[in-house]
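**Q** Chain by chain, the residues:
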Amino acid sequence: VTAVATRLNGVRWTSPRAVGVVGIVLGILAFWLALPPLHTRTTVVPVVVGILGIAAGIWAWSRAERRVGGGAVVAGVLGIVLGISAAQSSVGKLNQVVVWSALLAATLRYATPLVYAAIGGLYCERSGVVNVALEGMLLTGAYFGIWADDFSHNWVVACLVAMAAGAVMATIHAVWSIHLKVDQIITGTAINFMALGITGYLFIQHYGDNGTPGNIDQYGIPDIHLGFIASIPFLGGIFGQLNLMIWLSFLLLILTYVFVFRTPYGLRLRSVGEHPRAADTVGISVYKTRYIAVISSGAIAALGGAYLSIGFVHSFNQDMTSGTGFIGLAALIFGKWRPFPTWGATLLFGFSSALADRLPTAYGNQWGTLFQALPYLLTLIAVAGVIGRSIGPAASGRPYDKQ
Amino acid sequence: VTDDSRDRRPEQGPPDAEQALQTGPDELRTEEAEEAPQPVVEGIPAVRSTLFERGRGIYAFVGPIGTTVIAFFMGGLVVLATGHNPLRVYRAIFDGTGLNWFFHVGSYSIRIPFSTHKVFFWWDTSSIAAQNLQQTLLLATPIILTGLAVAFAFRCGLFNIGGQGQYFVGAYVAIWIGTTMAHLQPFVHVLFALVAATLAGAAYAGLAGFLKATVGAHEVITTIMLNWIAIWVGSYLFGQQGPLQNSAQKAIPISNDVVEGAKLPVFWGLKLLQGLSIGIFIALAMLVVYWIIINRTTLGFEVRAVGFNPEAARASGISVARNYTLAMAIAGGFAALGGACDILGWEYRLGPGDIQASEIGFIGLAAALLGRNSPLGVGLGSLLFAGLINGTSDRQLDPTIFPPELAGNLTTIIQGLVVLFVGLNLGGLAMLLRRRRRRRPS
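Chain order of the listed sequences is P and A. Residue numbering for the first sequence follows this note's numbering, starting at 361 and increasing by one per position. Residue numbering for the second sequence follows this note's numbering, starting at 17 and increasing by one per position.
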């Protein structure tokens, strides 16, 4: 807290950057004012607040803060559009969709697979290996998790099997990109295809048309019921009944931060990703570090897949991850390869998924189908540089030749 | 114009870039080239467009054939491991492709187009195998075109995995124009639908290229996101109460049928039984167009220069941003044309179910990589995958030998294995090994 306070003291509130950030906040505010519990019924309020946000953005833009300024302009425009559409629809429908505690709880549920994917990707990319195979690793974890759970009726075993399966997939990626020096994006794409084919094949072979058994939820990863929080009005709705894996994802974030940025091992990992030759010179084994990083990345991502199948939806379908791994990768880029900003990005994408999930309840399935595109659209806008370019680990994607 | 630009070319590109393209990267792959800073965009580097230029001569064929053999062998192991006989399965798949048509040579006749005359022909054009072959070629059409979408972007150093979404955009526009505007002349109608679909796909993919060029958003992520956006927008358009849902039966989520005048002519087989439309000729023509653009135009030269080394291209006055955008737009045009050919050639209607099930764009990716982005290679790779898909479809494959649902996933596994091993570049490997062997005695 003191660190945040000192940092805030150092910020000049009239600096272009700060004004830009205020513009982004105003853009969000424009939308939020029209939602419950405030329910602004006139369209004037969101328009005025949004225009203020855009103005702040343009001001910041003209003073060379292009990223933040551009972000504020986009946020302002979106805030106006969404605010007007919210003000136009009926209060009943809005109340049906926007139940903040339920919406935020759903946000956490949708964000968790993204967190595991993104953190898996963080280890991999920090070591200098690009991982577009996160999607396939999630899917592998999802299938093998539910298969092992059905087999053993024990979710701990299921998670371990899922992690092992993800690690096997990641091992292929590691051998191909570290020793064989194949283009890492192509290898990653190949692993995505193989994961799709293998899980689909085994799913049909093992479960056929009946699908996965309906009693999986009895053996799935348990929810944690916190009685003392559940009685608190707002927080209870969010944190009262969350899956164990969601709490573990918080732990994973903290551990990842400590490991990567506060331990010598993390320093070695980062140095291998930034300048492998220098790391090699001081005696760090580049290959060994990369192998460990890639394989653990697969295991972590697969854990997210296992949460998806046996902690969240309690069933499996072919291609059930539907781009989750890629959104996780986008969150990692959006968060500039750092755990907590990445977590913020996953929450943003998770929120859009949660919103897309709840909107059909009030606006009908026809619009609901269209809203399914929302998380992808938001990801597209995010990577298109609302925050701007983010520079990744320098050696990312380049195989290392030992000398 | 072309003569002029060819004369001016050495001035535009410095001699070393020109030489690099002519002699191939093989000779230039020195330590300096490895160590030269590659522009890192968003932490994901550009694909190496020179990846497939390593095997030369006979070795150009070693890689793709070796890759195919390995992929099918490993796919066979999966089949074996799950208790089926891989040889019987592959035999059944092959019989379904219709490629066995070529083996039954005899004395038959064929009708000359636009007349009633019949002349001697070696093959029976109306046998079952011929019908199967029509299906395979029908499938090869969009695979070639989505394959070209991958190949063209690849030559510019871009990895376009959005062929699927671009294909959908083309299909949607083709449906929209094909089901409306019935007053147009048939020829004009078809042409308009094809051109509009191509332009729409070009705009859709060009967006990804533009974002890459301006803000550095990596194309792998943007094109995947555009794929999903296209899928859900399509599910909305043709779903229940969607704006393009059919006007007759509101309970069925499917579009109207394309009007007669907007359908591509079927030249082999019966229209009712999904005969082969002239779409295949469009696809083959595009293979030639691709070759011409890449090898015989200034644009192609610039695209290859950017793909080979963006920094060197920029230093020699080539606009990298412009080429990224253009290359993606042209790639998207190819893929969208594939979608339009499918709609106007045999599908004639589209529903959310078709959209969710389609994976043509990803098959095209595997075909293009297998074919090392060369026109001939893309064509042959597409034929291989079209045969595989047709042979494993539930219409062709006998379920007692191998369940078609499993076979569909087997196709995906083989596709993944192909992409995995194609990156290994077996042809280049074989060539290196031989060179090493030759050097050793001296």
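Everything labelled a hint here was simulated from the structure, so no lab data went into it. Every residue gets a Cβ at the ideal spot worked out from N, C-alpha and C, and that includes glycine. Keep in mind that the hints are not guaranteed to be accurate.
Stated by the list, open to error - To give a feel for the contact side, a few chain A residues facing chain P, derived at Cβ under 7 Å: (1) I86; (2) F89; (3) L96; (4) T98; (5) H100; (6) L227; (7) V231; (8) I237; (9) M241; (10) S251; (11) Y252; (12) G255; (13) Q431; (14) L436.
**Q** Indicate, hint by hint, whether the structure satisfies it.
**A** Here's how the hints hold up against the structure:
1. The closest approach between the C-beta of A:I86 and any C-beta of chain P is roughly 12 Å, which is over the 7 Å cut-off, so the hint fails.
2. Annotation: interface hint on A:F89 violated; nearest CB of chain P at approximately 15 Å, more than 7 Å.
3. Here the hint on A:L96 is broken, as its CB sits about 13 Å from the closest CB of chain P, past 7 Å.
4. Given hint, A:T98 at the interface with chain P, holds; its Cβ is 5 Å from that chain's nearest Cβ, closer than 7 Å.
5. Checking A:H100 against chain P by beta carbon gives a least distance of about 10 Å; that is not within 7 Å, so the hint is violated.
6. Checking A:L227 against chain P by beta carbon gives a least distance of about 5 Å; that is within 7 Å, so the hint holds.
7. Contact between A:V231 and chain P, as hinted, is supported at the beta carbon level, the nearest pair being about 3 Å apart and thus within 7 Å.
8. Because the smallest distance between the Cβ of A:I237 and any Cβ of chain P comes to about 5 Å, under 7 Å, the interface hint for this residue holds.
9. Taken as an interface hint, A:M241 checks out: its beta carbon lies about 4 Å from the nearest beta carbon of chain P, inside 7 Å.
10. At about 5 Å, the closest approach between the beta carbon of A:S251 and any beta carbon in chain P falls short of 7 Å, and the interface hint on this residue holds.
11. This hint holds: A:Y252 has a C-beta 4 Å from the nearest C-beta of chain P, less than the 7 Å allowed.
12. Given the 7 Å rule on beta carbons, the hint for A:G255 holds: about 5 Å separates it from the nearest Cβ of chain P.
13. Taking 7 Å as the C-beta cut-off, the interface hint given for A:Q431 holds, the closest approach to chain P being about 5 Å.
14. At its closest, the beta carbon of A:L436 sits 4 Å from a beta carbon of chain P; the interface hint therefore holds under the 7 Å criterion.
In the structure shown, a violation is registered for the earlier hints numbered 1, 2, 3, 5, in ascending order.
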